[in-house]
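Novice: So the protein lines, in turn, are chains A and B.
68 is the number of the first residue of the first sequence in the numbering used here; add one for each residue after it.
47 is the number of the first residue of the second sequence in the numbering used here; add one for each residue after it.
I should point out that these hints are in silico values taken from the structure, not numbers from a laboratory.
Please read all numbers here as calculations on a predicted model, not as lab measurements.
One or more of the hints may lead you astray.
Unchecked claim - Below 20 Å or equal to it, Euclidean Cα-Cα: the simulated EDC-like pairs (lysine to aspartate or glutamate) are:
1. K169/B to D151/A
2. K118/B to E83/A
3. K129/A to D151/A
4. K122/A to D111/A
5. K122/A to E137/B
6. K129/A to E196/B
7. K169/B to D201/B
8. K283/B to E196/B
9. K169/B to E286/B
10. K129/A to D77/B
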Amino acid sequence: MIISLTVILLCQLLGEVVARGFEWPLPGPVLGMVFLLFFLGLRDRIGMRVPEFGKTLDSTGKGLLAHLSLLFIPAGVGVVQHLDVLAQHGLGLAVALVASTLVTLIVTVVTFVVASRLTGSAVEGAGEDRAP
Amino acid sequence: MNEFSFPLWAYLSQTPLLWLTVTLVAYVAADRISLASRRNPLCNPVLIAVAVIALVLWGTGTSYPVYFEGAKFVHFLLGPATVALAIPLYENRRIVLRAIAPMVLALVVGSVTAIVSAVAIAKLFGIPNTVLISLAPKSVTAPVGMGIAEMLGGDPALTAILVILTGVIGAITVTPLMNALRMKDWRARGFAVGLASHGIGTARAFQVNSLAGTFAGIAMGLNALVTALLLPMVLGKLLE
Numbered sequence: 068m069i070i071s072l073t074v075i076l077l078c079q080l081l082g083e084v085v086a087r088g089f090e091w092p093l094p095g096p097v098l099g100m101v102f103l104l105f106f107l108g109l110r111d112r113i114g115m116r117v118p119e120f121g122k123t124l125d126s127t128g129k130g131l132l133a134h135l136s137l138l139f140i141p142a143g144v145g146v147v148q149h150l151d152v153l154a155q156h157g158l159g160l161a162v163a164l165v166a167s168t169l170v171t172l173i174v175t176v177v178t179f180v181v182a183s184r185l186t187g188s189a190v191e192g193a194g195e196d197r198a199p
Numbered sequence: 047m048n049e050f051s052f053p054l055w056a057y058l059s060q061t062p063l064l065w066l067t068v069t070l071v072a073y074v075a076a077d078r079i080s081l082a083s084r085r086n087p088l089c090n091p092v093l094i095a096v097a098v099i100a101l102v103l104w105g106t107g108t109s110y111p112v113y114f115e116g117a118k119f120v121h122f123l124l125g126p127a128t129v130a131l132a133i134p135l136y137e138n139r140r141i142v143l144r145a146i147a148p149m150v151l152a153l154v155v156g157s158v159t160a161i162v163s164a165v166a167i168a169k170l171f172g173i174p175n176t177v178l179i180s181l182a183p184k185s186v187t188a189p190v191g192m193g194i195a196e197m198l199g200g201d202p203a204l205t206a207i208l209v210i211l212t213g214v215i216g217a218i219t220v221t222p223l224m225n226a227l228r229m230k231d232w233r234a235r236g237f238a239v240g241l242a243s244h245g246i247g248t249a250r251a252f253q254v255n256s257l258a259g260t261f262a263g264i265a266m267g268l269n270a271l272v273t274a275l276l277l278p279m280v281l282g283k284l285l286e
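Bound-form chain A, shown alone (with noise of 0.2 Å):
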């Protein structure tokens, strides 16, 4: 787990770098899932047969993104030190979290089923046949 643990830290790592370095508009965790991503390519390629880069990898950062809700609440908690603009501009701020959420929750999975259609890239198992 440490080792799997490292990898993903030494993603990020690089990731930061690689942003920082080439003052790129891009975070460095994201940068860093690209490399991981690479990494996993890499492994299956030459197929390493060191369980740190297989399966415990897999569980491993399986078990951060089971747990994705915990890793918020410290931001969350936050909202203590804001109360009073909250509070000033409460209304027309639930109003545009409120619409604007629902508005592109909406505007992009109609943009993905029409485009998915007409690429025909609609996938069998996809749609109906998963859901529990």
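Following the hints, put chain B in place on chain A, whose structure we already have.
Specialist: Positioned in the frame of chain A, the structure of chain B alone reads:
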């Protein structure tokens, strides 16, 4: 606060241990409540845990910086978790590659919609520019959104709150909304919620369907990228 003036409390309340533990306990409890409600979208774990912790801080007269000293260890993991999104992405690479065209289109259209709709509506309510700048990256994952807001002269701490509220709103509304629209493509449902509501939406998508979760994770990563590139241009036009 007389009952909290014991030396032990004075010591504990200043250590990272206490507030880290409080964060984890609140999360475990909130997650249990969410599970007991059969993942009812209204019982959002982030919302419940934040409310509980905020009450504890208020009740004990603890400031946010003191709390964050402990909670920062959890906060730090947002970065590695973003990197780890590569794992489900790689596992589903075939299905993802086949959907590349709809993804790119939905990404650009959705990303611009998220920025423009939020800022335009808030502007109608006469909200000042510094708040508008902090609001603009609301659909992007917290660390990235905060970076964008800071770069453009907004308030990153306010952005963090608005980002999390957006995440919670998306996570609560996505399932009933998509069902009402009769959307059955899990890729599209996941992609929409990841784009509109970043990691909190992605966490919700993983609760419902793993393919939806994967597409949500991709959308979240790509939207962070696209918003970082597009927002400065789009916002300049909106604030004129």
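Novice: Against each hint, give a clear statement of whether it holds in the structure.
Specialist: Right, here's what the structure says about each hint:
1. K169/B to D151/A: Satisfied, since the Cα-Cα distance of roughly 19 Å is no more than 20 Å.
2. K118/B to E83/A: holds (19 Å)
3. K129/A to D151/A: violated (38 Å)
4. K122/A to D111/A: With a Cα-Cα distance of about 12 Å, the restraint between K122/A and D111/A holds, given a limit of 20 Å.
5. K122/A to E137/B: holds (12 Å)
6. K129/A to E196/B: Violated, at roughly 31 Å.
7. K169/B to D201/B: Answer holds: K169/B to D201/B is near 17 Å, not above 20 Å.
8. K283/B to E196/B: holds (19 Å)
9. K169/B to E286/B: Holds: K169/B and E286/B sit about 11 Å apart, inside 20 Å.
10. K129/A to D77/B: holds (17 Å)
In the structure shown, a violation is registered for the earlier hints numbered 3 and 6, in ascending order.
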